[in-house]
Structures are given as C-alpha cells and as structure tokens.
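Please build the complex by placing chain A on the supplied structure of chain W, with the hints as guidance.
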Amino acid sequence: MNLSLINLAYLASAVLFILALKGLSHPRTAVRGNLLGALGMLVAILATFADRNVLGGGTEAFVKILGAMAVGGAIGAVLATRIQMTAMPQMVALLNGFGGGASALVAGAALADVGGHTPTATFLIATGLSGLIGGITFSGSIIAFDKLQEMFLPGKPIMLPAHQAITAVTVLAGLAMIYWITGGDADTRVLAYGVLILLALTGGVLLTVPIGGADMPVAIALLNSYSGIAAAATGFVLDNNALIITGSLVGASGIILTQIMCKAMNRSLMNVLTGGGTVSTPGASADDVYAGKVKATSAEEIAMLLDGAGRVVIVPGYGLAVSQAQHTVRDLANLLESKGTVVEFAIHPVAGRMPGHMNVLLAEADISYDKLKEMDEINPSFQETDVAIVIGANDVVNPLARTDPKSPIAGMPILDVDKARTVVVIKRSLSPGFAGIPNPLFALDNTLMYFADGKKAITDLIAAIKDA
Amino acid sequence: MELFVGALTVFVLAVFVGFELITKVPPLLHTPLMSGSNAISGITVVGAMLAVATPDPFSTVLGLVAIVFATINVVGGFLVTHRMLGMFKKKD
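Chains W and A, in that order, are what the protein sequence lines are. Residues 1 to 468 (this note's numbering) are what the first sequence spells out, left to right. Residues 1001 to 1092 (this note's numbering) are what the second sequence spells out, left to right.
In case anyone wonders, no lab produced these hints; they're calculated from the structure. Check before you lean on any hint, since a few could be wrong.
[Claimed, not checked] Pairs of lysine-lysine residues, derived as DSBU-like cross-links and limited to a Cα-Cα distance of at most 30 Å, are as follows:
hint: 1; chain 1: W; residue 1: Lys-373; chain 2: A; residue 2: Lys-1091
hint: 2; chain 1: W; residue 1: Lys-156; chain 2: A; residue 2: Lys-1090
hint: 3; chain 1: W; residue 1: Lys-156; chain 2: W; residue 2: Lys-406
hint: 4; chain 1: W; residue 1: Lys-466; chain 2: A; residue 2: Lys-1089
hint: 5; chain 1: W; residue 1: Lys-456; chain 2: A; residue 2: Lys-1090
hint: 6; chain 1: W; residue 1: Lys-22; chain 2: W; residue 2: Lys-373
hint: 7; chain 1: W; residue 1: Lys-406; chain 2: W; residue 2: Lys-419
hint: 8; chain 1: W; residue 1: Lys-373; chain 2: A; residue 2: Lys-1024
hint: 9; chain 1: W; residue 1: Lys-263; chain 2: A; residue 2: Lys-1024
hint: 10; chain 1: A; residue 1: Lys-1090; chain 2: A; residue 2: Lys-1024
hint: 11; chain 1: A; residue 1: Lys-1090; chain 2: W; residue 2: Lys-339
hint: 12; chain 1: W; residue 1: Lys-22; chain 2: W; residue 2: Lys-371
hint: 13; chain 1: W; residue 1: Lys-419; chain 2: A; residue 2: Lys-1091
hint: 14; chain 1: W; residue 1: Lys-373; chain 2: A; residue 2: Lys-1089
hint: 15; chain 1: W; residue 1: Lys-456; chain 2: A; residue 2: Lys-1091
hint: 16; chain 1: W; residue 1: Lys-456; chain 2: A; residue 2: Lys-1024
hint: 17; chain 1: W; residue 1: Lys-371; chain 2: A; residue 2: Lys-1091
hint: 18; chain 1: W; residue 1: Lys-406; chain 2: A; residue 2: Lys-1090
hint: 19; chain 1: A; residue 1: Lys-1089; chain 2: W; residue 2: Lys-156
hint: 20; chain 1: W; residue 1: Lys-371; chain 2: W; residue 2: Lys-406
hint: 21; chain 1: W; residue 1: Lys-263; chain 2: A; residue 2: Lys-1089
hint: 22; chain 1: W; residue 1: Lys-466; chain 2: A; residue 2: Lys-1091
hint: 23; chain 1: W; residue 1: Lys-339; chain 2: A; residue 2: Lys-1024
hint: 24; chain 1: W; residue 1: Lys-406; chain 2: A; residue 2: Lys-1091
hint: 25; chain 1: A; residue 1: Lys-1090; chain 2: W; residue 2: Lys-373
Same shape as in the complex, but just chain W (with noise of 0.2 Å):
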C-alpha cells in the first residue's frame, strides 16, 4: 500500500486513541473510549500488514508475525480475564514491564537493521535513548512487581553501601554507551547497544530495590510514564508518528499520576525515589495521646447512633480490601439506606495500592460509583455528616497534616474525618500507620473505638442494627 495511505490509517488510530483517553473522563462514555482505542490499535495493526515492508517479507514473515500475536495475545488474555482486582498493581507493572521491554527490543532490531548505509545522528541518539530507557523500565517494573506480590524480595527498601552513587554511575556509563552508539561503525553500534541494555537492566533494578512496599504507588506511576517516553523514542527511531503521539500521550499520564500520588503521599519524588522513607520527629508519645482519652465501643452502642442518622460516611482504607470486607460493607452501605440515611464514601488518592485502585475495589462490590466521592469534593462536607466510619484507614484522617508543621505528615492532605458529628473508627488496636506516628483522632471527644477485625466489625453491625 501506499505510504501516505499508510500514515493517514496510523494518523487514524492516533486519533482513536486521543478519543479513548478523552473518553475515559467519564464513567459514562470509559468504555466506549476503551472500544475506540482497540479499534484505533486494529487499524495502525491492518495498515502495518498492508505495508511494503512487511508485504516484501513474503508469506513466511506474514506467518512468524502471526504466530507472535497469537502467543502474546494467549498471554494478555489469560492475564486480563484471570487477575484479582486486589493485584490490579501487579498487572500494570507487568504491562509497564512489557512495553518497555518492547521499545528497547525495537529500537535494537532497527540498529541491528541498519546494515551498510551510514544512520543519522538523531536516529543513533533515539535508539540508544529507547534502550536505555526501555530496559530500566523492564527490570525496573519486574522488581516492582516481584515487590508487590511479596515473592522474593521484601517489602521495605533494600540499599546498597553507596546505593545511589552506584545508581547514577550506572545510568552514566548507559549514557557513554550512546555516545558509543553513534561513533562506531556496524558492528561496534551493536555491541555498545548490547552493553547499553545489560547497564540498563541493572539500573533499572538499582533505582527501583530502595522504593519500600507503600511507596509502590508512586513507582508504578512513574514506569508507566517511563514505557511511554520508551515507546515516543522508539517512534523517533522508526519515524513513526503513531509511536510517538501515543508514546507522548503514556508518559505524560504518567508523569500526572506521578504528581498526584507524591502529593498525597506528602513526598517529593526523589524522597520515594532513594527510598529515604519518613524520618520520623518523635513528637508526643502513643501515651500522652491516647491515656484516658481513648473511649471504645461496642456494635450495639454503634447501631444506636446510626439509627436516624440523616448522613453517614464511609472512609475505607486498604485494610478493608485486604480482609475482602467490600461486600460486607456495601451490605451495610444498602441497609442505611433502606432506613433513609444518605450514605457516601470518601476515597484518599491513596487508599489502594496504586491510583484509583479503592474505587475499582468498591466498584467491583457492586457499589454505585456516584456514591465514592474524592477527597476535595467530600471534605467540606464532613461538617454535615452525622457518622464518619474508618475501616482500616489511619494516617490519612491523622489530623495532625493540618495542626503540627512538625509532624511527618505535616501538610498532606487528609481527609477531615475529625470534623464529623461522631467518628467511628473500625481499628484492631491503636498501632500506627505507615507514618509511624500517634494520631490524635482516636482521643478526640467525639471519637468512638471499635477495636475488632474490619469484616468482622460489620458483620456484627449489620447484625446489631437488625436487631434494634
């Protein structure tokens, strides 16, 4: 086929994709976009089987490409259809893993390709860049993922003896290997390339080993955005517009989702990055917070205040995905309801384990979506909430982001729980959170303790308002 009828189908689906991403800004029309954006992949996929290129291959590369796609395809299926919503991270990893993987294995056959003629400068530089990049985010996205499925490696971060110096002289010598890859004839390109990649694999482990377990958020994130400016590179090798629209497109939802999560994390990037963790400023001690200030309770006397309550609040933490209590508490959410209390639930940016992943784990208990409100639309409305209920939630209603400059939570964005008529917190015990410090929301006046395990805590009071 012609190459102009050829770029107009990738302008095409280049198109498709920007509507799919624009569909996404609404539960609404998501999965249509979604729709489009597979179709926008058929279409750059027929016109690339219509090009010269691939047609000169003959029936025998028609059949190898096939057969790849059929393997791939098998794969992503079985992963797509099989995985568990609470190991949504462990797939996008996976899936930040293989589009890196892919750009590096790109960019190396086309220098592999180049043969007798003599490549621009640009095109050494983007290819060395699209191995660099996309090996740090393969090894780098494969130990993110062995991180959170806790196989091999352990959860905390994991520091070498001058970690980061090792760390950056790494990327350094991937970076001389380019300039390597752009002084050298055929096969000296080839070796540096293959010099570049091992550099690149290594660093790619090196900078992500020191990312603790509840930092992931923020990593996965930020390979997301690395398997884009992978794929953009890999466009620049290969000239190709599609890559690189698309390419730009993945990076910079990366990079957004990068800043979302520091900011609620309260972290600058490079604190997640060299896994510097929160240094810990003693302030009061667990004691003076809670003696004799601390009042639990029982499911009865929760049931009590819940009757006529005319609003309640829901705030779920990961504790509650983690004991699979979404189903319990969506019966709860029902039961209210039925009795005419406006029930909501208010989602931290990180309350999952990666951004959004809470409201896919209501979503997926059946509960509307219209009822999981984000942090800046519900806060103001906590003064008008009857009932605040924490399940498994600690450091992000921690009221102390907004009183003490000194606390290491100091200025992150909570959720104002405190600001409730009554809080009820589901807690087993008064151990911290992730910031490791006392939160002054369990010895507040209008705080009420229910030490117990999350489902079973609902269990009971579902139970409990049957009952009265």
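Just chain A, lined up with the frame of chain W:
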C-alpha cells in the same frame, strides 16, 4: 534533520494534548487509565512487525519477541480495562 524537527513538532504537541486529556480523567478512573494507556502503548507492535519482516535474522528474532511483549500489552490492557470499566455502575 528536517525529519527530526517534524517528529519533534509532533512529539511536543502530543505531550500538550496528553496533559490536557489526562488532567480531565477523574481519580475514580485512574486505575483503568493506567491499564488503558498501557494497552495503547502496545502500538510498538507496529515497529516490531516491521522488524520481523527485515532480511536481517537478528532483527527478526528481536522483532518476534517484541511482538509477543507488545501484544500482551494490547490484548491484556484493553481486556482488563474493559473488565474494570464494566464494574463501574450507577444504581437507580
């Protein structure tokens, strides 16, 4: 160089479009956004197909592995996004 400036123009404009689009995606849908963006970044499959068709046997092998990787992204990404989006329902 002319080719490069043309590609750079497309790149810069696409980054701006990307920022405009993504800031309009609500946090509610950030997880499907990540899986969906991975699906479309499987567009590298196009470059991988071209690599397979070249006469260089080494390029062909790299291209084949790249097709497997990219197709996992395309099929896995679109399917899992579809599965997730299907869960977002509005009652009454």
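Structure-based check of each hint:
Only pairs whose Cα atoms come within 30 Å are accepted, and W/Lys-373 paired with A/Lys-1091 is accepted, the gap being roughly 15 Å. For the given pair, W/Lys-156 sits about 39 Å from A/Lys-1090 by alpha-carbon distance, which is inconsistent with the 30 Å threshold. Between W/Lys-156 and W/Lys-406 the alpha-carbon distance is near 25 Å, which keeps this suggested pair within the 30 Å criterion. With a CA separation close to 27 Å, the supplied pair W/Lys-466 and A/Lys-1089 stays within the 30 Å bound.
Pair hint W/Lys-456 plus A/Lys-1090 holds up; C-alpha atoms about 28 Å apart against a cutoff of 30 Å. For the proposed pair W/Lys-22 and W/Lys-373, the alpha carbon gap of about 21 Å is at most 30 Å, so the pair holds. In summary, the hint linking W/Lys-406 to W/Lys-419 is supported, as the alpha carbons are separated by about 22 Å, within the 30 Å threshold. A threshold of 30 Å between alpha carbons decides the hint, and for W/Lys-373 with A/Lys-1024 the separation of about 16 Å falls inside it, so the pair holds.
Taking the CA atoms of W/Lys-263 and A/Lys-1024, the gap is near 18 Å; set against the 30 Å cutoff, the hint holds. Taken as a hint, the A/Lys-1090 and A/Lys-1024 pair is honoured in the structure, with Cα atoms around 20 Å apart against an allowance of 30 Å. This hinted pair checks out: A/Lys-1090 and W/Lys-339 have alpha carbons roughly 20 Å apart, not beyond 30 Å. Annotation: proposed proximity of W/Lys-22 to W/Lys-371 holds, straight-line Cα distance about 23 Å (limit 30 Å).
Restraint check: the Cα-Cα separation between W/Lys-419 and A/Lys-1091 comes to about 29 Å, which is no more than 30 Å; the hinted pair holds. A threshold of 30 Å between alpha carbons decides the hint, and for W/Lys-373 with A/Lys-1089 the separation of about 14 Å falls inside it, so the pair holds. For the proposed pair W/Lys-456 and A/Lys-1091, the alpha carbon gap of about 26 Å is at most 30 Å, so the pair holds. Proposed proximity of W/Lys-456 and A/Lys-1024 is contradicted: the alpha carbons are some 38 Å apart, above 30 Å.
For the proposed pair W/Lys-371 and A/Lys-1091, the alpha carbon gap of about 10 Å is at most 30 Å, so the pair holds. Simply put, W/Lys-406 and A/Lys-1090 have alpha-carbon atoms about 43 Å apart, too far for the 30 Å limit, and the pair is violated. For a cut-off of 30 Å, the pair hint linking A/Lys-1089 to W/Lys-156 is broken: about 37 Å separates their Cα positions. In summary, the hint linking W/Lys-371 to W/Lys-406 is not supported, as the alpha carbons are separated by about 35 Å, beyond the 30 Å threshold.
Of the pairs offered as hints, the one joining W/Lys-263 and A/Lys-1089 holds, with about 29 Å between alpha carbons and a cut-off of 30 Å not exceeded. Under the criterion of a C-alpha separation no larger than 30 Å, the hint pairing W/Lys-466 with A/Lys-1091 is consistent with the structure, at around 23 Å. As the CA atoms of W/Lys-339 and A/Lys-1024 are separated by approximately 36 Å, the hinted pair breaks the 30 Å bound. For the hint pairing W/Lys-406 with A/Lys-1091, the CA-to-CA distance comes to about 44 Å; that exceeds 30 Å, so the pair is violated.
The straight-line distance between the Cα atoms of A/Lys-1090 and W/Lys-373 is roughly 13 Å, inside the 30 Å bound, and the hint therefore holds.
The earlier numbered hints that this structure contradicts are 2, 16, 18, 19, 20, 23, 24.
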